[in-house]
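Trainee: So the chains spell out like this:
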Amino acid sequence: MAESLFAPPEPSPFGVPASEAGAPVPVIELRGVTRIYSSGRLEVAALRGVDLDVYQGDFLAIVGPSGSGKSTMMNIIGCLDRPTAGSYRLGGTPIEQLSDDDLARVRGRAIGFVFQSFNLLPRTSALENVATPLLYQGVPRKERYARAQAALERLGLGDRMTHEPSELSGGQQQRVAIARALVTEPALILADEPTGNLDSQSGADVIKLLHELNAAGTTIVLITHDSDVAVEARRQVHVRDGLLIQ
Amino acid sequence: MNAAELIRLALSRLSTSRLRAMLTMLGVIIGVGSIVALVAVAQGATSGITDRIQGLGTNLLTVSPGFSRTGFTRGALGSATTLTIGDANALGAVTGVAAVAPEISTSGTIIAGVQNESTTVIGTTPAYPTVFSYTMWQGSFFNEAAVDNSLRVAVIGSTTADNLGLDATSLGQTIQISGIPFELVGIMQPKGTSGSTTQDDQVLIPLSTARHYFVGSDKVRTIGVSVATASAIDTTQADLTVVMEQRHGTNGTNDDFSITSQAQLLSTFSSITGLLTVLLGGIASISLLVGGIGIMNIMLVSVRERTREIGIRKAIGARSSDILFQFLVEALVLSLLGGLIGILVGVLISWLIGQIAGWGFIFNPFTVVVAVGFSLIVGVVFGVWPARQAARLDPIASLRYE
Numbered sequence: 001m002a003e004s005l006f007a008p009p010e011p012s013p014f015g016v017p018a019s020e021a022g023a024p025v026p027v028i029e030l031r032g033v034t035r036i037y038s039s040g041r042l043e044v045a046a047l048r049g050v051d052l053d054v055y056q057g058d059f060l061a062i063v064g065p066s067g068s069g070k071s072t073m074m075n076i077i078g079c080l081d082r083p084t085a086g087s088y089r090l091g092g093t094p095i096e097q098l099s100d101d102d103l104a105r106v107r108g109r110a111i112g113f114v115f116q117s118f119n120l121l122p123r124t125s126a127l128e129n130v131a132t133p134l135l136y137q138g139v140p141r142k143e144r145y146a147r148a149q150a151a152l153e154r155l156g157l158g159d160r161m162t163h164e165p166s167e168l169s170g171g172q173q174q175r176v177a178i179a180r181a182l183v184t185e186p187a188l189i190l191a192d193e194p195t196g197n198l199d200s201q202s203g204a205d206v207i208k209l210l211h212e213l214n215a216a217g218t219t220i221v222l223i224t225h226d227s228d229v230a231v232e233a234r235r236q237v238h239v240r241d242g243l244l245i246q
Numbered sequence: 001m002n003a004a005e006l007i008r009l010a011l012s013r014l015s016t017s018r019l020r021a022m023l024t025m026l027g028v029i030i031g032v033g034s035i036v037a038l039v040a041v042a043q044g045a046t047s048g049i050t051d052r053i054q055g056l057g058t059n060l061l062t063v064s065p066g067f068s069r070t071g072f073t074r075g076a077l078g079s080a081t082t083l084t085i086g087d088a089n090a091l092g093a094v095t096g097v098a099a100v101a102p103e104i105s106t107s108g109t110i111i112a113g114v115q116n117e118s119t120t121v122i123g124t125t126p127a128y129p130t131v132f133s134y135t136m137w138q139g140s141f142f143n144e145a146a147v148d149n150s151l152r153v154a155v156i157g158s159t160t161a162d163n164l165g166l167d168a169t170s171l172g173q174t175i176q177i178s179g180i181p182f183e184l185v186g187i188m189q190p191k192g193t194s195g196s197t198t199q200d201d202q203v204l205i206p207l208s209t210a211r212h213y214f215v216g217s218d219k220v221r222t223i224g225v226s227v228a229t230a231s232a233i234d235t236t237q238a239d240l241t242v243v244m245e246q247r248h249g250t251n252g253t254n255d256d257f258s259i260t261s262q263a264q265l266l267s268t269f270s271s272i273t274g275l276l277t278v279l280l281g282g283i284a285s286i287s288l289l290v291g292g293i294g295i296m297n298i299m300l301v302s303v304r305e306r307t308r309e310i311g312i313r314k315a316i317g318a319r320s321s322d323i324l325f326q327f328l329v330e331a332l333v334l335s336l337l338g339g340l341i342g343i344l345v346g347v348l349i350s351w352l353i354g355q356i357a358g359w360g361f362i363f364n365p366f367t368v369v370v371a372v373g374f375s376l377i378v379g380v381v382f383g384v385w386p387a388r389q390a391a392r393l394d395p396i397a398s399l400r401y402e
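Chains as they are written, first to last, in my numbering: chain A, 1 to 246; chain B, 1 to 402.
Among the hints, a few may not be true.
What the hints assert, rightly or not - With a straight-line cut-off of 20 Å between C-alpha atoms, the simulated SDA-like cross-links for lysine to any residue are:
(1) Lys208/A <-> Gln116/A
(2) Lys142/A <-> Asn116/B
(3) Lys142/A <-> Leu6/B
(4) Lys142/A <-> Leu9/B
(5) Lys142/A <-> Asp255/B
(6) Lys142/A <-> Ala4/B
No lab work stands behind these hints: they were computed from the structure.
Predicted model, so just to flag it, every value in this text is computed and none were measured.
Using the sequences plus the hints, can you model the full thing?
Mentor: Right, dumping it as structure tokens:
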């Protein structure tokens with residue numbers, strides 16, 4: 001099962017998720033997902049039974065104030081964390097059963113992260129930053145840089161490839177981060193407050209970029225507390241106290 | 001990730017903080033450098049002294065006096081004066097002995113023209129150059145007739161000749177030894193052995209002349225015995241011991257003399273220098289250990305500083321083992337690079353000391369292999385813990401780390 005996820009010949013393992021019956025398989029399928037943090041005898045339920053389906057080509061906004069559990073959702077969808085109870089299938093693969101190493105592989109191949117604080121590697125050129133996810137997939141050096149260069153050019157950063165993050169504006173850094181998310185041709189782009197640290201013009205540029213990517217077929221999940229940003233998505237779900245309000 | 005990618009990653013990382021990398025490596029550089037240098041110095045000293053022992057003469061047995069006793073106090077070996085010219089003559093008659101050269105020694109001031117020097121004056125027999133492997137550079141060694149007639153003739157070592165400004169043209173010239181005029185009849189070739197040149201700084205005069213003018217008694221300092229064939233050294237040594245015991249009325253438990261062969265001298269000496277090498281190497285290893293701890297310290301700081309980077313790497317697909325190897329290889333590159341620079345420094349220092357001490361350049365490939373091996377071990381031992389710390393970090397917490 002897991003093998004189909006990581007089979008190297010397929011550039012995008014979720015490219016055609018249709019089953020034999022013709023019914024589309026969701027890219028993300030959460031069923032009764034619960035996440036409880038326990039420290040000592042104190043238990044805090046961040047998620048309390050969440051059901052969610054996200055299909056290929058969707059553009060979903062998960063909206064909620066801080067403390068609502070949306071960060072926990074993003075961690076679980078991003079395979080950085082596992083649910084305490086319930087099931088999560090990514091492209092039909094149950095995540096609970098995967099080892100830590102397999103989770104790392106899923107993150108590398110199936111998910112592209114875009115963070116609020118960009119999270120680029122410091123003192124590392126834009127090209128090297130974008131090429132790094134491919135390094136962990138064992139892509140040969142030449143191909144790595146060719147693909148990273150193509151991704152940067154696609155985002156209009158062809159003239160910034162040797163620049164380090166500290167030499168780039170916030171908008172440019174976020175575009176490098178998006179290039180890094182795209183370079184692996186993931187099934188899903190997971191954007192956590194991607195405009196949160198940007199001025200309104202750069203923020204609008206990033207939203208426009210996400211629209212373009214979505215139009216080209218990329219599935220996008222946007223996590224935000226900002227309803228102005230959320231309205232940009234095709235579909236919104238709201239999180240309150242660890243529960244989804246559709 | 002393969003090894004080449006890991007090394008490239010480590011090098012690019014270290015090149016962004018060169019000063020820190022350099023300072024971290026310094027501990028290993030000093031450790032490895034001092035191991036290489038100290039071992040080379042110990043070996044240089046060994047070979048210098050070994051050369052000198054071998055330069056003493058081929059098939060040489062040395063008869064030395066025993067220790068003296070004053071009350072209950074035992075003096076150093078050789079402090080007694082129990083050997084006589086009679087002993088030397090008796091030893092010369094033993095089968096298998098090629099030549100015997102007794103030595104009476106004193107010190108004297110030599111004056112040649114306006115130059116003067118204080119040096120060792122040795123009274124001996126014409127067998128001296130044979131027994132102690134000297135060859136003549138100018139003139140000839142004095143003969144039996146000179147000894148029989150107590151002639152005032154002198155042969156000098158090459159260093160003495162240099163110091164007094166004497167050369168080929170000086171043969172036949174008169175030099176004064178402690179105020180007594182002697183005719184210079186020969187200058188010896190330098191031994192050419194490394195290290196100190198005391199073997200070439202001496203004045204040789206006939207045994208009888210020395211007794212007549214300087215010493216008076218028939219006691220001799222040592223007796224050099226040259227054995228005819230190398231294979232007969234052990235049996236000859238036993239024969240000499242028997243003869244000496246008969247003459248001195250001793251029985252092996254209370255001998256007032258000792259007979260040592262070159263081989264014995266060499267083995268005693270090499271056991272001392274072997275110990276010296278281990279001791280020096282051991283001391284230097286401690287500094288390598290300290291260097292390794294320095295690497296561990298910096299790697300731990302680095303893991304803390306780069307927590308966020310580790311989180312990012314994990315989010316974009318790095319497995320824990322990728323992170324482990326990234327940090328481990330960084331520690332290894334630091335220690336190995338430090339080790340290689342340390343070898344260069346150590347070789348340079350040992351070359352320098354070799355030049356100053358005069359035993360030349362000694363390069364031991366084995367030391368280099370050991371030093372590289374040691375620095376690799378240091379890298380692994382002191383790199384594993386920080387690397388495991390890095391690999392174990394939780395990606396979510398690391399991403400939020402400020």
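Trainee: Taking the hints in turn, state whether each one holds.
Mentor: Outcome of the hint check:
1. A threshold of 20 Å between alpha carbons decides the hint, and for Lys208/A with Gln116/A the separation of about 16 Å falls inside it, so the pair holds.
2. With a C-alpha separation of about 79 Å, the suggested pairing of Lys142/A with Asn116/B is violated against the 20 Å cut-off.
3. With a CA separation close to 16 Å, the supplied pair Lys142/A and Leu6/B stays within the 20 Å bound.
4. As the CA atoms of Lys142/A and Leu9/B are separated by approximately 15 Å, the hinted pair is consistent with the 20 Å bound.
5. With a CA separation close to 84 Å, the supplied pair Lys142/A and Asp255/B exceeds the 20 Å bound.
6. Among the hinted pairs, Lys142/A with Ala4/B is consistent with the structure: their alpha-carbon atoms are about 14 Å apart, no more than 20 Å.
Going through the hint list in order, the structure does not satisfy hints 2 and 5.
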